[in-house]
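4 protein chains.
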Amino acid sequence: MAGSTFGKNFRVTTWGESHGPALGAVIDGCPAGLPLTSEDIQSYLDRRKPGTSSLTTSRSESDTVEILSGVYEGVTTGCPISLMIRNTSQHSKDYGNLRTTFRPGHADLCFEEKYGIRDHRGGGRSSGRETAARVAAGAIAAKALKTLGIEIHAVTASIGNVTVPAELLDNLDNASLKTAYSLHSVMPDKSLDDAATELITKCREEKDSVGGSIYCTVTGMPVGIGEPVFDKLDATLSHAIFSIGAVKAVEIGDGIAVSELNGSENNDRMRAADEGKVSFETNHAGGILGGMSSSAPIKIKAYFKPTPSIFRPQETVCKNENGKFESTELTIEGRHDPVIVPRAVVVVECMTAITVFDALLENMGSKMEHLKKIY
Amino acid sequence: MAGSTFGKNFRVTTWGESHGPALGAVIDGCPAGLPLTSEDIQSYLDRRKPGTSSLTTSRSESDTVEILSGVYEGVTTGCPISLMIRNTSQHSKDYGNLRTTFRPGHADLCFEEKYGIRDHRGGGRSSGRETAARVAAGAIAAKALKTLGIEIHAVTASIGNVTVPAELLDNLDNASLKTAYSLHSVMPDKSLDDAATELITKCREEKDSVGGSIYCTVTGMPVGIGEPVFDKLDATLSHAIFSIGAVKAVEIGDGIAVSELNGSENNDRMRAADEGKVSFETNHAGGILGGMSSSAPIKIKAYFKPTPSIFRPQETVCKNENGKFESTELTIEGRHDPVIVPRAVVVVECMTAITVFDALLENMGSKMEHLKKIY
Amino acid sequence: MAGSTFGKNFRVTTWGESHGPALGAVIDGCPAGLPLTSEDIQSYLDRRKPGTSSLTTSRSESDTVEILSGVYEGVTTGCPISLMIRNTSQHSKDYGNLRTTFRPGHADLCFEEKYGIRDHRGGGRSSGRETAARVAAGAIAAKALKTLGIEIHAVTASIGNVTVPAELLDNLDNASLKTAYSLHSVMPDKSLDDAATELITKCREEKDSVGGSIYCTVTGMPVGIGEPVFDKLDATLSHAIFSIGAVKAVEIGDGIAVSELNGSENNDRMRAADEGKVSFETNHAGGILGGMSSSAPIKIKAYFKPTPSIFRPQETVCKNENGKFESTELTIEGRHDPVIVPRAVVVVECMTAITVFDALLENMGSKMEHLKKIY
Amino acid sequence: MAGSTFGKNFRVTTWGESHGPALGAVIDGCPAGLPLTSEDIQSYLDRRKPGTSSLTTSRSESDTVEILSGVYEGVTTGCPISLMIRNTSQHSKDYGNLRTTFRPGHADLCFEEKYGIRDHRGGGRSSGRETAARVAAGAIAAKALKTLGIEIHAVTASIGNVTVPAELLDNLDNASLKTAYSLHSVMPDKSLDDAATELITKCREEKDSVGGSIYCTVTGMPVGIGEPVFDKLDATLSHAIFSIGAVKAVEIGDGIAVSELNGSENNDRMRAADEGKVSFETNHAGGILGGMSSSAPIKIKAYFKPTPSIFRPQETVCKNENGKFESTELTIEGRHDPVIVPRAVVVVECMTAITVFDALLENMGSKMEHLKKIY
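Sequence lines, in order, name chains A, B, C and D. Here our numbering = 1-based position in the first sequence + 4. Here our numbering = 1-based position in the second sequence + 4. Here our numbering = 1-based position in the third sequence + 4. Here our numbering = 1-based position in the fourth sequence + 4.
Please note: incorrect hints may appear among the correct ones.
All copies of an identical chain are treated as equivalent in the list; a pair is satisfied when it fits inside any one copy or across any two copies.
Claimed, not checked - Cut-off 25 Å, straight-line C-alpha distance, at most; resulting in silico cross-link-like pairs (PhoX-like, lysine-lysine):
{"hint": "1", "residue 1": "182", "residue 2": "147"}
{"hint": "2", "residue 1": "281", "residue 2": "150"}
{"hint": "3", "residue 1": "182", "residue 2": "53"}
{"hint": "4", "residue 1": "281", "residue 2": "328"}
{"hint": "5", "residue 1": "328", "residue 2": "376"}
{"hint": "6", "residue 1": "281", "residue 2": "323"}
{"hint": "7", "residue 1": "281", "residue 2": "376"}
{"hint": "8", "residue 1": "328", "residue 2": "377"}
{"hint": "9", "residue 1": "281", "residue 2": "377"}
{"hint": "10", "residue 1": "323", "residue 2": "147"}
{"hint": "11", "residue 1": "53", "residue 2": "211"}
{"hint": "12", "residue 1": "377", "residue 2": "147"}
{"hint": "13", "residue 1": "377", "residue 2": "150"}
{"hint": "14", "residue 1": "150", "residue 2": "206"}
{"hint": "15", "residue 1": "147", "residue 2": "53"}
It should be emphasised that the hints constitute simulated quantities derived from the structure, not laboratory data. This one's a predicted model, so the numbers in the text were calculated from it and none came from an experiment.
Given only the sequences and the hints, what does the whole structure look like? Please build it.
Right, here's the structure in full:
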């Protein structure tokens, strides 16, 4: 039942439907003493905002966040932080035919059967708009992490068959990130963005959609973050990423490729490095060993299915007036992105931030030595 | 800190180290009234047991389970079920050189840095032996699910480049499952098993190891199991699967492939079917829509890295007597599987069973109608 | 850190400070299919509202609740229900001297030392206003319980030494409840209310305050609700009640008195009753045996300390400009109830409702028989 | 369903029935680096052991604890600690008549109706023997707290009408504690012990039982431990204490008495003290303000009902062969303490230790300043 909270220590609860009056998040467990303004959050929300290009839905929401609690004179107080975003551009009448008809590839049928009732307007709770609340919460986690020297960055890794080469992803720097954030595709290269744009435009013309993938990396991690044996860092990260709609696969490090490798190829060699640290000569593991951070950069890849809302006629089912299923044909109307990926980049980044910050808080009690520093 | 419990309603807590006196699990929240004997559990444990073939570690453990509580006169009572397996074949002296040296690809370094102390013998808590406790718990979940008409089956999908064709995986039946469970590789085909055996033998000769993948399917699911928005069924399944050591990727349904598809290809058409049900003409989604079961078979693939313990000399680090890291070379001794996958098949099956049963319990409160059936 | 959520299944998260823009609650896990309007909630909020009499604070808040999500066409959808109440009557300037001075009997010092920062205006997060959010959430639980035949009622049991006789509490009926809810003291008897009013008036004149107690009863409970061994129903109820500010003692059934009784006096005799039920000839246990409901009415008593805000000069400490504590004298200004109890009655009722409904949801998985009714 | 785990960070899961093969606890989340031997635990278990006097049950259990995991070379490793105590002195045949008859004042009826099945032997899961597992876990929490300068002590405060004066409780020192632990009643005074012994002996002769109360105090607490607004320290302490069988009331500080006081009497004056601390001139609040520790000693009182097992004939119900309730008369046999209190003293102490240590771990993330000390 209660599945709208994520995290054990930095606990994020989201609420709201696509066409309700508002949506938001309550963050409980944010440590006190973090400087925080609504601008910190807004800059993340703006990266997710619809209506910024011809490639995305034409729904135009300002997505202005309001901080309702937990911040006093620009600093977090340790009390729950309540964030709210008013919905302003609902076109609910576009969805009239979806009250009794179930869109293929969507959650509609499952909501109907699970709850016996659903808000069908714009997907209701299962709308991508819910991720605005995640982004607002994640912006806070990201800011807290930054004060501890931990940075998280995500970019688009592929759209359809337009794929960013691994070398580019492995070597993201400020320049390539800046490029990515300035381009509609959020790919870290202009010519790839051109190819992706062409592909998406074709999809739109053909009333179709396309999938893609996102790459996310975390740098500056201390060693040992993540909790064996069930709350390993890769396990909670994949939980976080798979909780984003449309994700169908998650890889850590080299992911699927390692299943064809030998141990002698896949093991990352360790060497003693400066300042009492350990360096890894390769990073097949993607920064996680035994479910804990190894200090090497964490590497995550998330794969998204194509937007299920397409504008072609589709075979599906509806419920008739007797509550029985009937086969029917549906042509979806309204406003929908032909590809989810570019707007999901910041969502992946934010879910990663929430997960990593929660894990850092959890690790504080790992040894008596830590307690003695505080008490 | 506390990461050894999985599940919210059917709560499994595992404990134990590879070379301690015993390991076990406590299952809290198992409904009363389920017939249960130690044989029910033993049959699952036997599928995971080491020492059953030349392909696996020669450590020979009987893995005999003892039920210490929660079962009365052969039926669960609703009280916590405590299961214990005594360790009997520890060769701790094999691990003497690992007290201060950290094995590449293993959790050693992370344990040391996180806790400041570790039981290095046989990997301690991070040993694959810990999964015996998961299998014992999962056997109970699987039995409970079976009484509700839900079945879970897993087989090996690949070892190195020896891959079971998709058609075979999509059409697992009693005969092919029986074949799989009779073969060392746990592949559902004798000739593929021959090829895999050859590959593994070669690995062993070359003091190397190899990765692989596991396919798991769940049939008989009701619609709507899984909790939006964070505890979606795919999210909790991936959490469960990634919590198994050595997993580096998880796919649901067509997984990564969907990222290159168009929506018109990927959407599964729905049709009204007999008995008031809905049928899906394809199953790209792998039985999960919007994070809830759709009633189509659930399809999961887990990808495992090669066993990090290989018998070649490897570059790594140790801690010297001053507690500083030094670069060194290590040659691992002891008993290790050259491939983890065949023994992990039942672990994937059991973690899936635990996750699905937990989700079924969670869903009981989804609507007032359900409460009125009970109160 | 994260302490603003209560409940495992019906999960209530409250947020908001006394002098922030708003306060509210998110309820995750409310079953779908419950008819719900803002009037249902408002009627509970109105019972807690300040400014309704000369006996309470003169802060005048309309406490109008807005339902922001989780309800569609007047029925709960199973999605999180977000409730918001705007603050409209903050007089923050009244609290200027409390920025660095810590009020005796209040949470001020603890907040300062725990978080290093606090919103001192009106008590910030520790203000009694936070309970408005609990009442809003509890109104939903109470409505759900009522549809299952379970009713919860609370009244004032004492104010200072003005005490409602046990017989009156044991025999609350619609008439006496109606009386209670019409009187400022919320006592179920007009002459006792007169005595209490006199006492409170005297307190106010003497710039002092007084304590009291609240009685709450739950009828219509099925047998067996509550989870041994740690989440017994009395344990979770006392957790819920003690989480209300100013509570210093909780009794179940005869409470403290039983510690002087013999077993032969205290054991409640059971007899076979109509309709396959069991009746109890007495109810010393207060409806809970072994931590589970017995079907007899549940009886809870909560004892509240006098309002710590009094208008006499008090010895206390402040922090000087170097961050050091100094002894000082404080005279509190602003608006404060001379007794908390009458306004806390509905809070006790609502926390009880939340706890009981959560326990009913938890109990759904108690036996396989229940699962078979649903799946 | 799953109610056998207590704590969020220092998580204690108990398992086992009175007449099963064993009982135990798994402690997940104990920080690494705490020296721990089985003797540390045994010394607490010995304080709870049955059979040590004519005043207690004659069941003679050695209650020898075995540490099965989580401790390596005498130090905790951060991995789950599994503790087991074998049952050795079960006389299950004593309980034959209780298979279908429900003892007044016991959990029998509720277990039967909740689960549809129960292990009736010796009370099964609801037996006081379950508390041995709590004591074993609590001994670890108490040892960890001691290394941080926090001490917890409990004594008997009353048995029937034999009551330890408040001055004696308020001034417990090593001498009076030593006295208490040497006496059967666990009262800190020999003459009171004599009076209590006389009372208990009379109860036994009259085939009756008697109630009593326990006082527990925590010293050395830092300021600010406990989590507003629902997991206040008094709320979690009362949850912990009420989860012990037979508890019917809990008081913090002056408890019930404050409900008759004025604010001017009840507020504890604060003064600036040495070393940058604050001192309290009185301690009516019992060391907790706003649900957080104030640094003054924490004072808890728990009230226990008389042992429900008495040897007189009692009116009750049984289930006949058709599963219907029938009125009947029952005379209980077996071994039962005429008063629970003396053996429960260490249980109260241990549940307090678990709660306080869990709260200390939770508080580690209260401010960014704490994180910067560790990361």
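A quick look at each hint next to the structure:
no., hint, verdict
1, 182 to 147, "within (18 Å within a copy, 53 Å between copies)"
2, 281 to 150, "within (21 Å within a copy, 33 Å between copies)"
3, 182 to 53, "within (17 Å within a copy, 52 Å between copies)"
4, 281 to 328, "between (65 Å within a copy, 9 Å between copies)"
5, 328 to 376, "between (64 Å within a copy, 23 Å between copies)"
6, 281 to 323, "between (62 Å within a copy, 11 Å between copies)"
7, 281 to 376, "both (24 Å within a copy, 19 Å between copies)"
8, 328 to 377, "between (64 Å within a copy, 21 Å between copies)"
9, 281 to 377, "both (22 Å within a copy, 19 Å between copies)"
10, 323 to 147, "neither (47 Å within a copy, 30 Å between copies)"
11, 53 to 211, "within (22 Å within a copy, 53 Å between copies)"
12, 377 to 147, "both (24 Å within a copy, 18 Å between copies)"
13, 377 to 150, "both (22 Å within a copy, 15 Å between copies)"
14, 150 to 206, "neither (40 Å within a copy, 48 Å between copies)"
15, 147 to 53, "within (20 Å within a copy, 38 Å between copies)"
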